[in-house]
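Fit chain B to the known structure of chain A by using the hints.
If you read the protein sequences in the order shown, they are chains A and B. Under our numbering, think of the first position of the first sequence as 1272, with each following residue one higher. Under our numbering, think of the first position of the second sequence as 8, with each following residue one higher.
Don't read these hints as lab results, they were simulated from the structure. Fair warning: there could be bad hints in the mix.
[Stated by the list, open to error] If you anchor each label on the Cβ, the simulated ranges turn out as follows:
{"no.": "1", "chain 1": "A", "residue 1": "R1415", "chain 2": "B", "residue 2": "R291", "range": "24 to 30 Å"}
{"no.": "2", "chain 1": "B", "residue 1": "R206", "chain 2": "A", "residue 2": "D1359", "range": "57 to 63 Å"}
{"no.": "3", "chain 1": "A", "residue 1": "D1402", "chain 2": "B", "residue 2": "A249", "range": "44 to 50 Å"}
{"no.": "4", "chain 1": "B", "residue 1": "Y143", "chain 2": "A", "residue 2": "P1346", "range": "21 to 27 Å"}
{"no.": "5", "chain 1": "B", "residue 1": "D162", "chain 2": "A", "residue 2": "P1339", "range": "33 to 39 Å"}
Backbone N, C-alpha and C fix where the C-beta goes; we use that ideal spot for every residue, glycine too.
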Amino acid sequence: MTEHLMTSAPGAGDAPSPGEGLPPALAEIVEEFDAVPERDRLQLLLEFSRSLPALPERYAAHPELLEPVPECQSPVFLVTEVADAADDPERTVHLHFSAPPEAPTTRGFASILREGLDGLPAQTIVDLPDDVCSRLGLDQVVSRLRMRGMLGMLGRIKRQVGESLAA
Amino acid sequence: MPAPLDTAERFAAYAHPERLVSTAWLAEHLGEPGLVVVESDEDVLLYETGHIPGAVKVDWHVDLNHPVTRDYVDGEAFAALMGSRGISRDTTIVVYGDKNNWWAAYALWVFSLFGHEDVRLLDGGRAAWEAEGREYTTEAPTPAPADYPVVERDDSVLRAYRDDVLAFLGGQLVDVRSPEEYTGARTTAPAYPEEGALRAGHIPGAQSVPWARAVAEDGRFKPRAELEAVYQGEKGFSPEAATIAYCRIGERSSHTWFVLHHLLGFDDVKNYDGSWTEWGSAVRVPIVTGAEPGAVPAR
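Here chain A stands alone, though its shape is the one from the complex (with noise of 0.2 Å):
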């Protein structure tokens, strides 16, 4: 998705990125994040809560292959796929979320993830950095409170796709 991308500002001091050691798509959404002010923030992640995909009819007809984020105030669910090392030695991950439309922040936390994490190598988002939510910025606009929704399918995403590492 490339319609709310924005460049950041070239060479703005010594500051550290703070896309730094992240995946480049990761890294770009949260320099885009990072581009706008604040107030301007809850728009994009607006944006990015419409561009969630609906789920894949394989898992639609199946709602308990999902996995409940029980962290998050509204039914949110997702589902990991990693490829299988045979076919794959990279073990690609793909993600996939299910958020009801009256729930547009928990849907645009989902809506980052898949974009930034989708099609990784299973490691890389094994040993994605813990502090990756909270370089958003939105800490002060959505609050900590609700961003822990965020921190938690961060969190069941790594571990299933470390339990399928180690499987």
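Chain B alone, transformed into the frame defined by chain A:
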């Protein structure tokens, strides 16, 4: 000048019908001077997806809670908030929101701590407005800033602190959380995040009346007779006796506070906003588990 009252017949039996407006009344009076519509939701982005035309947003967490202390904003911050939303001291405010108006009732209660006189709830909230196919817009309003006086919050009438509740044990306490939280099977509402209570159960002597028992299937408040059957009939509460309501962080109990105070006319109702996230973590306060209110410890 206050907006006219909604004289809908179905509100007439309530103790304070002037605290409610219907969707039809609101649609008719939208945009009139002296009336400001406030949306207050659990989801911080829901307003941005579409809201009642002209409505301004007030977020319970970002706008009403103190940014550092576990408390509400002070008089100056409240005045700035209200002024920025185009609200004066004599403005009629109609609040509505998601989740059966939990957060709308919470905002209304906080506005009441500051003594804002004319604040009303849209019966049925967002769900009722939507079910009737009424208009939403994503256009952000740009209200002309208003002068709102700096008023010190008065917590003495509508708000209870932990020590007040300790001294009140044996009085009319109502626990509005889910049955699982009341019995102590869990510390949070089903499907809700863990918010840090260390112990599970309820305050000794508290009666369990989950907040939703005040709401009809369409999301509107039940008629007065049905509400009386629950609170006065089944639980034996007296409208003359002092009452304290609590939940997990004070939002669902704001809803019950509204029901007891404004709809049933209980004179003295306080909301204990510290609620279970405080009581369930406080050292050496008494706790009862199980389905019965339990014995109140001797003091």
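Could you work out which earlier hints the structure fails to respect and list their numbers in ascending sequence? Going through the list in order, the structure violates hint 2 alone and respects the others.
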